[in-house]
Amino acid sequence: MIYFLQQLINGLSLGAIYALIALGYTMVYGVLRFINFAHGDVFMIGAFAGLYIAPLVMKYSNGGPSWPGAFVVLVAAMAICAILGIVIEKLAYRPLRNRPRLTVLITAIGVSLFLENFGQYAFGVDPQYFPSLINNHSIAIPASFGLLSHLRIKVSQVLIFAVTMFLLLFLRFIVTKTKLGMAMRALSVNPVATSLMGVNNDVVISFTFGLGSALAGAAGILISIQQPSVDPLMGLQPGIKAFVAAVLGGIGNIPGAALGGVLLGVIETLFVAYSDQLHISSGYRDAVAFFLLIIILLFKPTGLLGRVEREKV
Amino acid sequence: MFERTKATLVATLAAIFVASRFSSHIGPYYYDIILSIGINIILAVSLNLVNGYTGQFSLGHAGFMSVGAYAAACFTTFGLPVLAFLKPLGSFLSVSIFFGLALFLGGLAAGLAGLLVGIPSLRLKGDYLAIVTLGFGEIIKVVIENVDVLGRSRGFSVAAAYTNLFWVYAMAALTIYVVLNLVNSTYGRGFLTIRDDEIAAEAMGINTTKYKVLAFCLAAAFAGIAGGLYAHDKQFIYPDGFNFLESINIVTMVILGGMGSTWGVVLSASLLTILPVWLRSIADKPEIPHWLTPLLSNLTIPYSLLLILLMLTRPQGLFGGIALKRKKA
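Chain order of the listed sequences is L and P.
With this note's numbering applied, the first sequence covers 1 to 313.
With this note's numbering applied, the second sequence covers 1 to 329.
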């Protein structure tokens, strides 16, 4: 039981990362109806932004870990990713508005490849060590907590939960309570009608890209705190898996993306934890997400929380 | 018209056969490049059936290629009794039949894999196929890396080098023949209709899922054949050799050549096979600036920029829209 709970916590923290990335996919899909293939690479750029900013910030704490430093790095990486997302949209996707979807999809793949390979060219191919922004020790829960006793939780896991929860609530606030959020929701229902109502669609789309990319940047920092190794191709797998998470929750649906991310993280971690008992090699870890994707597409293509969308001529 | 295209195919095959008799005069370096061009033509022309004519988007062509490569390689490695059984036919004929069978099996295995992937993802509209095929490529890689018989990530050595100029170009001619004929048939009209307007196609009574799955399986089968040829040319295959970037290479060939233009794709497949080899050969020369060398020896950055620029300026590709028109018979 303690093993199960331990794995569950690991799964939840992995799932929180997937959820943050999946939100970017789902928001962009909501407003533009296309898969932003480059999203996983924005996540990678977030991690590298952290790698380069961290030493500058850590000078003020004599090179050691500090909470304010971690906070500054997180916010800076989010800002850099937001700008990157907006620039990508402006240069690569905006000229293709109203073109066939395939054209935009191919461009997105091109952008993704460019970021990955430019990353390899500029940052080097080999994985680099990410400086420890916080003191990542394990906290053991005392014996008096019943079921939870003797569980060990890492500080980074607590941080991931806290930051993700905060960002999710913040996102919910933006989407439901602000004017821009309302415009985003309106745009996902009918872009022509929103522009007739005086909404500047371009601004809303830029904002959506910025917001989604900022979340991916946060995920990049959080994962680097937990697994301190960054390389230019690190965005590939999480990017695809987060997309699966978005489809699992119902693409275009914001709570769905969060739910899908958490579910996928838990399922993947539990699979690895129990692969011995199932007599399957844990090497199949990366196949779990795709297997799940095929199952969803076969039985419930709209995802868990998605609605059926009728296509009109 | 049917008779004429068939006659053209037979004449082409004969010409390839005659040409292959003289292949020993070509140096090994150029021979290797010529074989690669042929294999890439098969891959690109078959992918064009899905990405170009049917308007879907597959990112897993290298995955299907690996299925075919491993299936064919397993047959020629573990199926040696079949070769012994064919022995009375003489060495040339028995080897030809044996290798033909291996390629057929490679194509069949890849086609079945295509069916498995295509049915769930092609029922849906939209970009799901891109992600599912991308995922499929990864699954295949993971599966091969975990199966002992297939050599895991160590790779799989193929003892027999059956692939030669004749086989490669015969298969390339066959691929072009099948794709051209198919596109000019009722099925081809169906593919084009789906690409141009899926809702209209459905309204016209076209079973869109069936047509899409058909195009997809056929493309996968040809990729499998290309894989079989590749395996018996290189004599060594390993899972990472068929990764995502390999699929992107094939996609770039299709897009550059023009989605839906078979001859354009043949041309761009040849061009994009020769170009990297040539650039790599000049990359280390002293007159090339130092910072340019990595860009020339690894073409993925130029490729990705090429994709973006093509989409922004000429989404139909270099030769798209000016497909060679054939006179009606």
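No wet-lab data here; the hints were simulated from the structure.
You may find that some hints are simply not true.
[Claimed, not checked] Derived, one-sided and incomplete: chain L residues facing chain P with beta-carbon distance under 10 Å:
#1 LEU96
#2 ILE174
#3 ASP202
#4 PHE243
#5 LEU270
#6 ALA273
#7 ARG285
Think of the CB as a built atom: it goes at the ideal place given N, C-alpha and C, for glycine as much as any other residue.
### Interface hint outcome for L/ASP202 [beta carbon to chain P under 10 Å]
violated, 17 Å
### Task
Would you settle whether the hint for L/ALA273 is holds or violated, based on the nearest Cβ-Cβ distance to chain P being less than 10 Å?
Where the cut-off is 10 Å and the nearest Cβ of chain P is about 18 Å from L/ALA273, the hint is violated.
### Query
Quick one, is the L/ARG285 hint okay against chain P at 10 Å, beta carbons?
holds, 8 Å
### Message
Min Cβ distance, L/LEU270 to chain P: is it shorter than 10 Å?
### Response
violated, 18 Å
### Message
Using the nearest Cβ pair, does L/LEU96 come within less than 10 Å of chain P?
### Response
With Cβ-Cβ at 7 Å, under 10 Å, it holds.
#### Entry: Status of the hint placing L/ILE174 at chain P (closest C-beta pair under 10 Å)
violated, 26 Å
### Message
Can you verify the interface hint for L/PHE243: is its Cβ closer than 10 Å to any Cβ in chain P?
### Response
Cβ of L/PHE243 sits 6 Å from chain P, so the hint holds.
In summary, the numbered hints that this structure violates are 2, 3, 5, 6.
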